[in-house]
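4 protein chains.
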Amino acid sequence: MSKRYKVAILGATGLVGQRFVQLLESHPWFEVTALTASGDSAGKHYREAVHWLLDSPLPPSAADRLVSRTHADQVDADFAFSALDSGVAGPIEEEFARAGLPVVSNAAPHRMEEDVPLLLADVNPEHVALVPEQQRRRGYSTGFLVTNPNCSTAGLVTALKPLDDAFGLDAVSVVTLQAASGAGHPGVSSVELLDNVIPYIAKEEEKLEEEPRKILGRVAGPRIEPTSVVVSAQVNRVPVVDGHLESVSVKLRGKASPADLARAFAEYTSEPQRAGLPSAPEFPLVVRRERNRPQTRLDRMASGGMAVVVGRIRRCPVLDFRFTLLVHNTIRGAAGAAILNAEWLAKKRLLVPRAQTGSVGAGEEPRFVGSGAPT
Amino acid sequence: MSKRYKVAILGATGLVGQRFVQLLESHPWFEVTALTASGDSAGKHYREAVHWLLDSPLPPSAADRLVSRTHADQVDADFAFSALDSGVAGPIEEEFARAGLPVVSNAAPHRMEEDVPLLLADVNPEHVALVPEQQRRRGYSTGFLVTNPNCSTAGLVTALKPLDDAFGLDAVSVVTLQAASGAGHPGVSSVELLDNVIPYIAKEEEKLEEEPRKILGRVAGPRIEPTSVVVSAQVNRVPVVDGHLESVSVKLRGKASPADLARAFAEYTSEPQRAGLPSAPEFPLVVRRERNRPQTRLDRMASGGMAVVVGRIRRCPVLDFRFTLLVHNTIRGAAGAAILNAEWLAKKRLLVPRAQTGSVGAGEEPRFVGSGAPT
Amino acid sequence: MSKRYKVAILGATGLVGQRFVQLLESHPWFEVTALTASGDSAGKHYREAVHWLLDSPLPPSAADRLVSRTHADQVDADFAFSALDSGVAGPIEEEFARAGLPVVSNAAPHRMEEDVPLLLADVNPEHVALVPEQQRRRGYSTGFLVTNPNCSTAGLVTALKPLDDAFGLDAVSVVTLQAASGAGHPGVSSVELLDNVIPYIAKEEEKLEEEPRKILGRVAGPRIEPTSVVVSAQVNRVPVVDGHLESVSVKLRGKASPADLARAFAEYTSEPQRAGLPSAPEFPLVVRRERNRPQTRLDRMASGGMAVVVGRIRRCPVLDFRFTLLVHNTIRGAAGAAILNAEWLAKKRLLVPRAQTGSVGAGEEPRFVGSGAPT
Amino acid sequence: MSKRYKVAILGATGLVGQRFVQLLESHPWFEVTALTASGDSAGKHYREAVHWLLDSPLPPSAADRLVSRTHADQVDADFAFSALDSGVAGPIEEEFARAGLPVVSNAAPHRMEEDVPLLLADVNPEHVALVPEQQRRRGYSTGFLVTNPNCSTAGLVTALKPLDDAFGLDAVSVVTLQAASGAGHPGVSSVELLDNVIPYIAKEEEKLEEEPRKILGRVAGPRIEPTSVVVSAQVNRVPVVDGHLESVSVKLRGKASPADLARAFAEYTSEPQRAGLPSAPEFPLVVRRERNRPQTRLDRMASGGMAVVVGRIRRCPVLDFRFTLLVHNTIRGAAGAAILNAEWLAKKRLLVPRAQTGSVGAGEEPRFVGSGAPT
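Chains as they are written, first to last, in the numbering used here: chain F, 82 to 456; chain P, 82 to 456; chain D, 82 to 456; chain Y, 82 to 456.
In short, the hints are calculated from the structure, not lab data.
Worth double-checking, as some hints may not be accurate.
Treat identical chains as interchangeable: a pair holds within one or across any two.
[Stated by the list, open to error] Straight-line distance between alpha carbons at most 20 Å, and here's what the computed DMTMM-like set of lysine to aspartate or glutamate pairs gives:
hint, residue 1, residue 2
1, K284, E371
2, K84, E175
3, K87, D121
4, K336, D251
5, K125, E371
6, K429, E112
7, K284, D166
Keep in mind that this is a model prediction, so the values were computed, not measured.
Next comes chain F alone, as it looks inside the complex:
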């Protein structure tokens, strides 16, 4: 058995919590040892506490697990994934970090805090440098907080990164067509969304306009120097189950052609690809050349939902270039992003199996058995 890390999923009954359960079922490094939920669900078997909404069966090992309350002293784990509601996640996640448990979170509250990495491991892997400073400042011992961005931001910034690297990014205008699952469960009522578009999602435009500046920023000593890119976001909810599609226009600092952009997208890789992390897609971006792709239903599961699919790359008469991108909002945009983040943190030895806390020196690699383990 090569699974080295015991992990808790905080908020395991929600839609993103379910994705964590699904994606971790056969994860080579991480073994789920605790599922937590709020008061009513604690003490029940997960299969009774959860309203399972994914189209793969509820994994039997999770089904029979007793749900714990979301308190640090209730879980036996090396670190925690947080799928908590943003409304309650803030103080709970801090409690876990203070108690020594790293929290790899999908929730919003800590994302923009100065000492918390807002991380997509294959976009800004170097931002993990904030962790030691965060621990020092907050007086955390082994615990810390790492967040991944909003689901729409995750797709957008993955596409922006190679453009910023290659050509310098000046301004971005993005209009989103977001899936029902982005609102979680119950989220948006069916009687509202069927045969409808709703041109508003609370706080979503703010996130899309702020988060990319931090993610594309540079590590400057103990903090991130945000980039100066200006983002304008208009968001819409559309009646699809999964997958956020985004119509993007960009203004670049340097010269380029559509073919240059396509190449920058297609060739982009980062640390997780080089490290061969288990959840890393072969390429973070998949470029489709057909004029009518990406399409939400056909492309959302590209590379198991971990790749952002880009298409329709062409010049823009108002800014410089336009393209369409698609991101699976609960995989690449949530649970999958957090898992890849945790793999990267493990690779960087910021996550340490507790049993080995004493035995693994700060400068040593953890020893793994089997292929795919961090080396």
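Position chains P, D and Y against the provided structure of chain F, taking the given hints into account.
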């Protein structure tokens, strides 16, 4: 009986043809006297030839009408509405015009021709000035061609007009979320569109980028001087039945505030409103102040589907302002627009009831009975 | 002003409450004088308390009304429509009845009580005979309770009634395909219902199997003798906004042909039709002869949503006959049914305008002004 | 390389054709060596000829294949899968059979012919006994025709089989809720199906009522003795992508309880399970105990789309028992069923690799390499 004009609907079995039939059923001026369709349908009763897809019953008077072939000598009418497929509309419409029948068309082929008005009666009513020159140039006697824009353009340009008037329009970036009915019937297969977004519609972006320049242009002698506004359009098909929603950003020449824009939208009226034309909405634009409107299903039937609904007016960090608009694509964006155009042409005495051709002098108003008639 | 009755809508912010507001806006007899809701909404203007989900605008007169708490002493009305949640409706409706206010309810709790009419005015109008007995038994003065059936039952039983009258009904097997709005708002989550069918609705099958036996029963002195028809119901939720479609098979006692059934459906009328009640459809049942009708979206608004549409009448190799029916679940199946019930109660002088309580003798007709009033 | 059989897919560009391509991509026995389509597509690469609509990528090996015309002399294969339109399949399939190529067909024309097996390999595997008689009668050498049932029938009859075996089946009443993909592509227009239910599918009820009698029939010498079960079918098209849900009532000859039915379903296996055929689901029927399952989107991919999911088993007050079933219409109900049929035919040595035609004796097993091969 106050209906003064006998009208033919060309291409009456398609989805836009059905809207013409529905909207003209109780029209105060226009009486449908001919329904045409292609070969297979000609000779059948309309109720057998049509696959009726609207949620009001097929009007009995139309149901029992025999469908004619689409030839000028097969119809007895004062003018024709064209709902023909753009693939065949070009020469057929010309045949009708040459035969003396004005054609008020929703089809694309003649829209960008120099001597053909691309008309939305409450946006650019003065463009009817092209008609005499067109007749002269083409050697038409009483016939002529007038077109209305593409369905997405119709919504966009209605919103742009008061902005251009008040503040001067420099650039526009628009992303559309378009309904299934925009593709007609059969149009897009359900197996493609359910739970999906398709980020491509053939020739749609080109129309959205070109047509507004003509519509917002100025009459300069025998032609239209196009305006210099630059439009960038990205189009998407979403799984809704009716109603195109558009996320718009604009760059203006003059200074303004969101409140200024809201006022410009809300107060805008034009000739059809002043003339009290039967199909003119009280206001071409309805402004919603709620943060989550317009919504496709809730707002598409505003003012009977003839008003464009605008909301979410706010500053844009990349261009100057952003807003969301909604247009009913087969009413305001197609059949309804054409009917309003015809009302305006009647009001301007460019449409003449044939029976009165001899008796109504060129400078005389036609005599109408009853309220709502052009005076 | 011919509106004679002041009416309260209990539970006015829910989806059925909204339908009441919409349908009563221009009702000739009933003037809405109170809108009630639960604690949080009371004291707000209705436009702020409600999440308006209908595709016609919120009526201005309702928008500006202050929402009251749902207590009999908070409303000034001659009677009340109840759109309360079935979970709370029971005792609240009794409170109103005890306080002297008739309650015409869409809620479930009292439907199967022995002395409460389960009424569809054009199916079993004679069941109002229970009212005096109910008042006597319960010690109510002018107040009483009248209910309408479940939305699916409303459609089914309207179609069964003429069959039972003409041929004698032995057994019924019905499978429903029910709309999202049947669950109210928020009801079913969009992330559950998009691209899905859910073959279960809590308590729905029980209602469909029990309610028809009472509705089709005979008044036997102070109670209803239920009919012996056996109903088997299987229910499904499908991703449509409004309109419950039902696939029905019936076993009859007498001989018949499909044409006999079609005639029995098409010719059926009842007291509300004969009395010309304002909300009565011309015919309770509309028969479509096309082989692919009724269709949910195309037919749900037949006769303003008050007619049940029937089609595909044919022999059944297992029972005797099969057909498909469609009912608008929040109009014919809820608010519209209750309004028609109230009109019938007014016509039968069981509802009395309070101001006239003293002046209108028990045996006298209320005096109405204008056409359409009960005479 | 253990793939022993070269196979052609006739009608490979349609929706069922695409499923064949997808499912055969990594099949252990069958190697696709020809893809055929009608005139316009022949000569193109498959990636250009096909409008790929599945949510897994077009397999590269198929993408680059040249599409052939659908003639027996144009394909190099040991047998053919037919995904041809039923409108043209009849004579073409006969041409292939006459030319010596077995045809394993999903098309309708030959299904009810006396000497053609209507086969679901795990329901009526013994019906392959018709093949030699068919070859004799029709003068075919190595060629023959085997069909699988209609997609809705495939689901129904899989559930009926264990009931018929255990309790004797007397009558069945079934109402279907069928997916868009059942109509193929383009099939039903999105403007018709969004927010709608269509209660009619051409010829579907006839198939559902006739095919089960043959499939559940007994081999009686050179023909099938149909069973006497009476089926009543009412079909509906609902707006879901894939998956036909069916609400079923049955009348049995013997006594049983719901638990007996559940057990009969859950324990049912047949020859393909015993033979370990590569496409055989572990169990043809999966029983769900939750009261709201099966659900179309959540359960259609059970056992890779090859299992029929059954739930809500309970008594019926009109017939004897009711249950809900779900079948993936293009896998279990079409391409997957045909592939399993072919595996069974290979196992029964009715399919013979051509290269080995001479070397493998009629009574010999073909020799396979690797696990999963027929032995």
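Of the hints given before, which are not true for this structure? 2, 3
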